[in-house]
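Just so you know, the protein sequences line up as chains C and V, in that order. With numbering that gives the first Met the number 0, the residue at position 294 of the first sequence is 293, and numbering never jumps. With numbering that gives the first Met the number 0, the residue at position 9 of the second sequence is 8, and numbering never jumps.
In short, the hints are calculated from the structure, not lab data. Don't take each hint at face value.
Calculated pairs, DSS-like style, for lysine-lysine (alpha carbon to alpha carbon, straight line, at most 25 Å) [claimed, not checked]:
1) C:Lys141 - V:Lys84
2) C:Lys124 - V:Lys65
3) V:Lys102 - C:Lys124
4) V:Lys102 - V:Lys33
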Amino acid sequence: MMLQDGSTQLLCLTATSGVPLFTRGASRQLPFSIIGSLNGVHMFGGGQEVVLSSCETEGGGKVVWRVFHDSVMLIAVSGSGHGGAGSGKEKEAHLQRLLENVWNCMVLVLGEEELVNIRNVERLKRDLRSCFNLIDQLLEEKQEGILGNLTHCADSLLPPNPSLVQAAVDGFTQAADSEFGCLLVHGRMVSATEKWWRLAPQEIVLLAALMRTLSASGSSSCDYPVFLPHGSPTVAHRLLRFQLLPGADVCVLCGPTPSLQRAQSGLVVRFWAPLAETLRECLTVGGRCLPASVSLHPDVLAFLLINRETRRSISCVLCSHTTTKPSAAPVLSNGRCWELLKLFYNFSITRYFSQEETLCASQDESAQRNTTEEFVRGFTHQPLQCYLVTEECKSYGLQTAQHQLFLLVPPSVPTFALRTVATQTLTDIVTATGF
Amino acid sequence: MAAFPSLAAPGSVVVSDWHRCKESKEFFSKILQKMRRKNFGLLESPVMPPHAAVDTVDYKVFLTGKSGVGKTSLAARLAGLSVPKVHYETTGIEVSVIYWPVKLRDSGRVLFFRLQLWDCGDNASRRFDHLLPSCKEQVDAVLFLFSFTDRTSFDDLSNQITKWTEPSVCHIVKVVVGTKYDLFMHCDVTERDVQDFQETWRLPLLRVGGEVSEGLGDVAPVLNCLAEQLWHQDCIAAGSTCRQTREKTVTLI
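With the rest of the complex left out, here is chain C (with noise of 0.2 Å):
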């Protein structure tokens, strides 16, 4: 089944001479000869020119390597989970796609230099401490709603009125010296400068896992010097954040100046305090990610929806809607749906449908991809539909050269029934909103 979960650790590693650097996740640590020996079987591949990328143990677990700039070895070890026959594919791409997030974690914070070129074990070992905030946000996936870390695209929210916020946050960003500025409610993207869309796509979903770390501590502002690991990763910048309302706050990337302190006294008020209201209504549109003016078919649990060309995701989970209706089957918990979901993308992505290329796609990552270009190259077509139907519900999910749609709906909704109200929920939201 694709449907399993398990705690996942992660080890890290000097590459050379496989000195331990800190590993995150799972309460009970591997034990020191084991983390030897997973370094050990790796080096010994290296020796006889063989790259080892990935296993699998016959419990279900699996464990992936991956070596950054020839300087430092990520390993991530996760459970079985109760996972069985076909659950490895998915996993692994999972895995994969976590230490390259988990790398630029340590690239955001600490700069490429001091990874690459590394002088002192030990100073090393203590800077990184500094990443272990976002890494263990990055392990744990607690927070509901966020599918940025797995898609690479922007999760967002689309306010009633994107025109006024979005000329905001341009006057703002330019007001503060700065091309890349962008608005986050919920801690999802719902405006940002143009500059800053052109960022690479992992940059935009690890700044704005780093706004939302900082928004969850409930400060009001933040500067924040980060490295940029695709567009600058050895000159640090500064991202400054303001908390506008609970909930709602406004980040820039600049150089040395505004000062935070000037850049709040001088510019927050003025070029915000005219818009208290609008963000208000950013607030009351929450965890729904849509104005209430966009009409959902009544049989969609959850969906998430990418637009391919703009790299930006709106996803939504609607379970509670199911309550009322007294035929529905066993009601799934919201924290069950988002799995779901994540679980169905991770499916649909590595059987069928293509994840776009990322900017930085290294070789490991296209050899990984191979799964599904083997299956694609064995047809002269692209798959633009896939189902899967499963006890606790129905999946659906779609492509077009824009979009790519995934959907959950009930088992007592039909399997012939699927493919309308996928198509219709598509229509619905890109015609009202224009996403």
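Chain C is already provided as a structure; the job is to place chain V on it using the hints.
Only chain V this time, still in chain C's reference frame:
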């Protein structure tokens, strides 16, 4: 100590324990929401009815101390935010804004203190040169933190404080806070040490630690002490002709 501003005796400038008085309720209710502290965005502030409008005075407070002493925890505790359960390094500057109503003893006037707590990760401030100057820019008070469970953080205090005794910064209010006071099993700093320290430096020293309680009693001593010293210092500055007074009244949104 000529290098320090004169101290206001506790309770001589502001009414201590005012949050327990009945008459303070209408003011404190503005910073509470469902019995908990309200989190204000930068576009918000406590709003009083027009007939009872109060002035707001804005101050910048810098938190300093060794990595791991609990700067972020203290800021969260004082702001009524959830205190992080796991220690993560702060890798930049985080500012928390606190609104705190205070009644002045002499005039009976009520003011809202808007305290910006500037918290900067110790290791980050070493890695990036621009962070400390940013924290020190136009700062009104410094909170020196040490942990009762970390002797070196206490021993380092004198060094830290000496850096703030130069004429250009000597008027800045200084308060010392000892954190993790509840972990007496691991206590590394004795009462005697604290007494000696206070005799040398004559700075207000407060102790915090333990479970965060629901009420305001937990944070009132620290916030009142800070407000008292800040207001006292402003009065001295306003009285002396050589120092220009800063008009710090913030317009309510």
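- Message: Flag every earlier hint the structure violates by its number, smallest first.
- Response: Violated: hint 3 alone.
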